[in-house]
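Q: Take the sequence shown: its letter number 626 is residue 626 in the working numbering, and every next letter is one higher.
Don't take each hint at face value.
[As the list claims (entries may be wrong)] Capping the alpha-carbon separation at 30 Å, the derived lysine-lysine pairs in BS3-like fashion look like this:
(1) K658 x K490
(2) K374 x K164
(3) K117 x K90
(4) K658 x K262
(5) K146 x K262
(6) K604 x K663
(7) K86 x K553
(8) K658 x K553
(9) K374 x K120
Read the hints as simulated data drawn from the structure, not as lab findings.
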Amino acid sequence: MSRGKFSNLSLADDPKMVMKSNRCNRCYLATLLISCLAFLAVGILIGYFVKDNTTPNDNETNPASGLTGQPSVEEAIRKILNRLDKSKIKENLRLYSSDTRMSGTPGGNELVHILEKSWKEAGIDSVKTTPYDVLMSYPNDTHPNKIQLMSGNTVLFESATAEKALDADSNKKTIVAPFNAFASAGVAEGDLVYVNYARIEDFMYLTKNLSMDLTGKVLIARYGKIFRGSKVENAQNHNASGIVMYTDPSDFNMAGEATYPKSWWMPDTGVQRGTVGPDGDFLTPFYPAKDYAYRKTEKDIAEFRIPAQPISYGDAEKFLRELNGVEAPPDWRGKLNITYRIGTGFSNASLRAKLIVNNFEEIRTIYNVIGYIKGSVEPDRYILLGNHYDAWVFGSIDPLSGTAALTEIIHSLGDMLKQGIRPKRTIVFCSWGAEEHGLFGSTEWVEEYMKVLYERSIAYLNVDYAADYNYVLTAGTSPLLQDTLYETTKLIANPDKTSSYKTLYDIWNKRAPGENGEPSVYYSLGSGSDMATFYQRAGVPSVDMWFTYNSDKWPILSYPVYHSAYETIYLYENYIDPDYSYNLAMAQLWSGMAWKLANDDLLKFDVRRYSTAITHFVSNLENKFSKSWHAQNVNIDALKSAAQNLTDSANKFQTYVKSASIKSAIDYRIINDKMIQFERAFIDPEGLPERRIYKHVIFAPSKYDSYSDNDFPGIVDTMFEIESNNVVDKWDQLKQQVSIATFTIQSAANTLDDVGL
């Protein structure tokens, strides 16, 4: 339009200009020429950003789409889905899981170079590695960890220091001995006590119902229900001298079934490794572990002060069989062929348990591999895909089934670039190091780029692993990503070829039905994988997804050989996903979501899903606590009012989003930015009580189990302490947390208004 305004302008049309001297004429001519060029430039820019009244996502005709001749979003997704090749995924997984891949070891570093080389060959715009110097934990090869059954100075039985070799892979010399990373080195010796899952309620039963003093005792607990680090913390808080953990068959096996290598069930020699530490580098909390970073000294680390060690259920049975004391309650009994007793001590009073842990810590360099495809229109808006590459042993399921899919996605999108097809927004591919030790790679990277990620990130899509079985999709998501997730699954073929259901959405909805006729998702993402720091600290809408087993058929706590030496390529190809159909489906879902988020003119974020969830959570709080809150003058009415205001603002905003008045690229940018920043509105910079690292007011890991979330964690955790421990001086903290939640919800409502002030 600007160019048209000046298209007929001529110097001869103005008689005053004709009368000027030649010099003046030249001056005016030069001035006018410069002005015309300036207005022409403005016109070009306006023409670039102004959007015609075309259907959103019609990239053939939409000027806001940046590149002409680009396929529509769905056409491009179909190209991507057709390009993805499960035979390539298979090649990737076989290579990646051919050796052990723990970060900070030769096998882990080798995989960094393999990924970097392959990603560069894919032809994406750039690939780099990002190093961080973090405190790592390893077992001592020459002095292995063990638990002994002692009689005087005689060792009657000693737990295995390595898993029995059951196939060629589990016989490799590079296998790291079973250990719990960051468990303190030391010796714990004394009476043994069985503490079930070592949850708060288990300790309450022991100390209150049985009046048991656990000071100085060595504890034995079964894995599951809560994060293993929470078990150690609970044991430490009850003054135990050490804790041993094992995988009970009731939680990880089915009775009477053959075990690996004849099936996927855990054999009695298998051991689950795992960290017991918190998220991020111990020495540089809140800041990236770069060479210039200030570091705490190791003596200042007080998180864990007692030894801890995992053992097999075959070895655990030897200790549990000898226990004395009362029989365990029915829900404490597993499936070992013993009478479960609590202790303390053994039926033979001369026996005692001796736990020996020789872990060591040292600073080592870990690496992330980061790849980029720069957006053609909005290069400063990011969609991030993440998976970690480090494994406790071979990691054929966790994480390398996901890593294999991610590399194939990168090659597929690299081929799109070669065809001239580029996303409008930047796509970032992230392969994280040292996730298993405590989300180190992702946490340090987010800390380094927090300022940018907080302002510019649209979504983080996490796949810790692609599949641990071939049955149903499981997804945890921010409410904002729920619709994009659903829409993408409708574009993907059902990976179960024996089923009559056509799409992934259809079979997911059949096997895991949720509310309102939609597939089931959960909003509580927890901190069990790399989405944690993105979601809990940077406020980036996140999703975590994988294929898994039928939990109704097999009521187990995780896939059986989790974090053991038996998580091999043989296991994956014989029992988990033999023809790689589910891995391919995950690659399709992952890349399809990324492409939609990177190219939809208007993001499919429905803020009403958030307001509906919050209203439900507030109602639950009122139903559960209204009597005690009113007695203590807790202001629940203000909280309810804020939730209603959010509902009203969300409905009004979503009505505007659906209107026909959105015409220009700047309109889309304004709306999209509001939706992106909406998640950030729930971030409290001060963090949760006693846990500043977690800042999401609505969803954050429970103080007593970092694997799972609480809704309104500051409120729920405080009420747990008040009710469970009768801590009456916590009521002021509770009132503060209710006030913070009220303020946060009202602030989120304000962000959706036209001006918001």
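Q: It remains to establish, for every hint, whether it holds in the given structure.
A: Hints and how they fare:
{"no.": "1", "hint": "K658 x K490", "verdict": "22 Å, holds"}
{"no.": "2", "hint": "K374 x K164", "verdict": "48 Å, violated"}
{"no.": "3", "hint": "K117 x K90", "verdict": "18 Å, holds"}
{"no.": "4", "hint": "K658 x K262", "verdict": "56 Å, violated"}
{"no.": "5", "hint": "K146 x K262", "verdict": "28 Å, holds"}
{"no.": "6", "hint": "K604 x K663", "verdict": "17 Å, holds"}
{"no.": "7", "hint": "K86 x K553", "verdict": "28 Å, holds"}
{"no.": "8", "hint": "K658 x K553", "verdict": "43 Å, violated"}
{"no.": "9", "hint": "K374 x K120", "verdict": "14 Å, holds"}
Checked against the numbered hints above, the structure breaks hints 2, 4 and 8 and satisfies the rest.
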